[in-house]
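**Q** So the chains spell out like this:
There are 2 protein chains.
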Amino acid sequence: MPVKTIKPTADAHQYPLLIKQLLLSSQRYAGSNEIVGGNNGKRYSYAEFYERVQRLANVLTEAGVKQGDTVAVLDWDNPRYLECFFAVPMIGAILHTVNVRLAPEQIVYTMNHAVDDLVLVHDDFLPLIDKVKSELKTVKGYIHCTDAAEAPEAPFEVLGEYETLLSKALPEFDFPDFDENAIATTFYTTGTTGNPKGVFFSHRQLVLHTMALAATTSMNDSMQLLQASSVYMPITPMFHVHAWGVPYVATMMGLKQVYPGRYDPPQLLKLFVTEKVTFSHCVPTILQMVLSSEKAKAIDFSGWQVLLGGSALTEGLAKAALERGIQVYTGYGMSETCPLLSTTWLPLNSTDLSLEEQVRIRTKAGKPVPFVDMRIIDSKGRFLPHNGEDMGEVVVRTPWLTQGYLNEPEKGAELWENGWLHTGDVGSIDSGYTLQIKDRIKDVIKTGGEWVSSLDIENLISQHPDIELAAVVGLPDDEWGERPHAMLTVKGGAQLDQAAVAKHLQPFIDEGVIEKWAIPDTVSVVDDLPRTSVGKIDKKVIRQQLQK
Amino acid sequence: MPVKTIKPTADAHQYPLLIKQLLLSSQRYAGSNEIVGGNNGKRYSYAEFYERVQRLANVLTEAGVKQGDTVAVLDWDNPRYLECFFAVPMIGAILHTVNVRLAPEQIVYTMNHAVDDLVLVHDDFLPLIDKVKSELKTVKGYIHCTDAAEAPEAPFEVLGEYETLLSKALPEFDFPDFDENAIATTFYTTGTTGNPKGVFFSHRQLVLHTMALAATTSMNDSMQLLQASSVYMPITPMFHVHAWGVPYVATMMGLKQVYPGRYDPPQLLKLFVTEKVTFSHCVPTILQMVLSSEKAKAIDFSGWQVLLGGSALTEGLAKAALERGIQVYTGYGMSETCPLLSTTWLPLNSTDLSLEEQVRIRTKAGKPVPFVDMRIIDSKGRFLPHNGEDMGEVVVRTPWLTQGYLNEPEKGAELWENGWLHTGDVGSIDSGYTLQIKDRIKDVIKTGGEWVSSLDIENLISQHPDIELAAVVGLPDDEWGERPHAMLTVKGGAQLDQAAVAKHLQPFIDEGVIEKWAIPDTVSVVDDLPRTSVGKIDKKVIRQQLQK
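Chains as they are written, first to last, in UniProt numbering: chain A, 1 to 548; chain B, 1 to 548.
Hints listed in this document are in silico derivations from the structure and should not be mistaken for laboratory results. Keep in mind that a hint or two might mislead.
In this list, chains with the same sequence are indistinguishable; a pair is considered to hold if it fits within one copy or across any two.
Computed cross-link-like contacts, SDA-like style, restricted to lysine to any residue with a CA-CA straight-line distance of at most 20 Å [stated by the list, open to error]: (1) Lys20 x Val396; (2) Lys319 x Ser293; (3) Lys133 x Ile441; (4) Lys66 x Pro176; (5) Lys20 x Tyr433.
Please read these numbers as outputs of a predicted model, since none were measured by experiment.
Isolated chain A, as found in the complex (with noise of 0.2 Å):
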């Protein structure tokens, strides 16, 4: 009688899941695509890329880093910083994206938290190395990364330059196979109070997100971001969650990439056109900066696929995209997440929809991508149905989830419960699947018993024609506990007060959009609004300088 259950054999025929395999269909699948720097104008075959990955991995190993070992980058977008995404965790390294738009102590912190023990860094940040080297305790080597044609000197000791190091290092090296479960990357989210935390990711997790996001950004003839006939520009930097994976997507299919370098508009423009781009993804801030840019008028941006996330994309600006030809979606998750969770999906129709349904459907964070178990739950965890009225706490469960917070397991208790990864966003979902976000649990108002989406009012507030940005946050109220306040910019020095507000507010008020104890009961009008390290808008910031 033969055995009943056959388990598979721990030996060659396993093969984990590595960052490695990534670039298996990279070579084969990319024709004559290339990798663009935009800021030194360097183009790469993705064979010159493939080989470049290899002389990194020697020159890492030359400079001692071993498997568990963390490298860290300090660096604008470029192929240099991509060769890293994939040279450091294929030697078994973990690769630690340092923010660099962190204030330098905070630098310190991470640095010192994630025990980096190399460190690339840029010829911008060797000053501010050169500044707190002394506080980083566990870094045994530094390389300098430069853009110039002639390398600045580095103002202190360090092994070499990049290109100089990489073009006396060998052209192969034989990536070894090891668990799937190995650290791949890793990197510090700002929290709102105390110190950044790290998250990080294995090559397992990795590789499933790289697999997902692929599917999903390609399988919808609606919306097809991502095709073998694609040009994809991150806006979104390259520390901050991978730039949410899709350098590792873009790789795998061998697209032709270009990364911009700094994050300038006349620059981000001159390479959209220049470089044919059609496929980006940004915080809404960004997308308006550079639609409102100067040179941006004269730009014909039809056909450029956008994916907003990080923050709310508003109705406003997604009208305002849209009448350009920027198909613009919202992707929603968070540096926990890896990020993707849920993704605008068009339906099979979605030529035949008018401006107003596209922008409302557009606006929405979307439909959870394979893989992902997206529910909403009430204040005691209980599971709320799906009927697009109930609001609760969004949860999740999917392969690409940071396991905790790095080096600090006492904080993941706040984020996991009951094997669900909690998001601290507020949001509903129909029965369509669909998710809106309403709002962060922290940022919803809570004003005589009612909890009002500060999200919401803000979508009805930014239509106002002379309004360019909205922040509405609830300020402590000793009759109704809190009470919305109004932080706006304005376009061309309009003036706009309370009344003003209110009045625009009046019509949505009478066709029960909202109630009327959502309109604010006052209204600042700034130059600019706070912002985080990452360009979102800092409520945190705006709620203190209130109540100074």
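Dock chain B against chain A, hints included.
**A** Just chain B, lined up with the frame of chain A:
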């Protein structure tokens, strides 16, 4: 000092890859798409489908099926079968898709060998099971499947009729999590010698195959096999390598699916037209049969995407199909590989290519899909260069290869060597990573110290206007070792002999396309070529017939 390496914790955050997760996105994306039973006219929404999967899980559980048990299915392609694709593995049991085209004694062999516990059996196979029932040593019960409005009486005791059992079962089932390496499916390959061998695939393997297949079939805008608007109808049976795994992809994507029942050309053509099918996959002989049927002449096939596999797509058939507007592609793989290894990959400029160039690209085995590492090796196991010239055995690594043969670990040694699965196929790979299969190692004709690809000769012979199908085999020869023989079927009673074939091949010899020793010495014309149970030309039988 914080710890240096963090092991992900094996707790609730872990997310095993399980077939149930493929259903997470189905209903979200499906909209009004249905799963259609072509043979009984039944149509299910994805919500109904999911409810039926849950009901089936309850039926199976109530029938005593436990984790690790095996459930066998003898049925035609049908939504019922798709329900089994999900419900059986989702409760932790193993789905045995029985090859109903095998001889009765081989069916008995496979059912005993797989240790089947419960059997689902369609009307058409009741007489067979009735006859062999006493020989089925491990089966504890039967469920009767019917497409008739009034189920005919089963000639032996059954637990009940499928629809009746489903209607009585509860519509909810809480599918458990378990080890992603648990076996999900098994089925038998019909080897050229000895008993059928069982291959088996785990949940992890099927999920990864599904994800890679979804990305591969969607991401090339020159050849979009599967998109949200696609309508899928398989024409390779579900019992054979899970209909190449496409039902799992189509379900994950929530596509409209059409299951045609038995593969009768008029019925297939009717469904193609009425259900507006856009994507199918089949073996070349089936496409040939469909195209040459009388009813096909009046049908507009333009835009039909058809992936061919199982045996080589000849240039003659590819040209005929393209001229009818059918977008044909080659997929390469085998039962042991789940099956997908490589597919046609059209370049971005493919619309500019001539018909001849299109045919040449589409008849090759294509480029390996993401996550497939593919090489060719010589007889000493050394890797050969990818220059389009060197011929060697194709070996592969990828996460979805059978670990060996079911309950016969000793036979796996033939398949696996040095960590690579040996396909038994001989081919070349060019500098653009395109594989061209030259032959089965067993079918290569060794004549006068030279290797001649039987497929190459067949390709050239099949361009003769009077020839329908050609199979070339090596016959023992005292002087040369082997000499080629061509077995042919001809169109409309045409007369053909060896001299006619030699005359047809002479220009190819003059052009240096083949060597003169590749011309068959002998030719036989037959009414039909011997086929295997899955419709492939059976060269083993041809050799046996010729050597009698």
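**Q** With reference to the structure, classify each hint as holding or not holding.
**A** Outcome of the hint check:
With identical chains, the CA atoms of lysine 20 and valine 396 are at most 20 Å apart between copies only, with a shortest distance of 16 Å across copies and 28 Å within one. With identical chains, the CA atoms of lysine 319 and serine 293 are at most 20 Å apart within one copy only, with a shortest distance of 17 Å there and 53 Å across copies. Proximity of lysine 133 and isoleucine 441 under a CA criterion of 20 Å is satisfied in neither setting, with 39 Å inside one chain copy and 63 Å between copies. Only within a single protomer do lysine 66 and proline 176 lie at most 20 Å apart by alpha-carbon distance; the minimum there is 12 Å, versus 39 Å between protomers.
In this homomeric assembly, lysine 20 and tyrosine 433 come within 20 Å of each other (Cα to Cα) only across copies, at 18 Å, whereas the closest approach inside a single copy is 35 Å.
Violation of the numbered hints given earlier is confined to hint 3; every other hint is satisfied by the structure.
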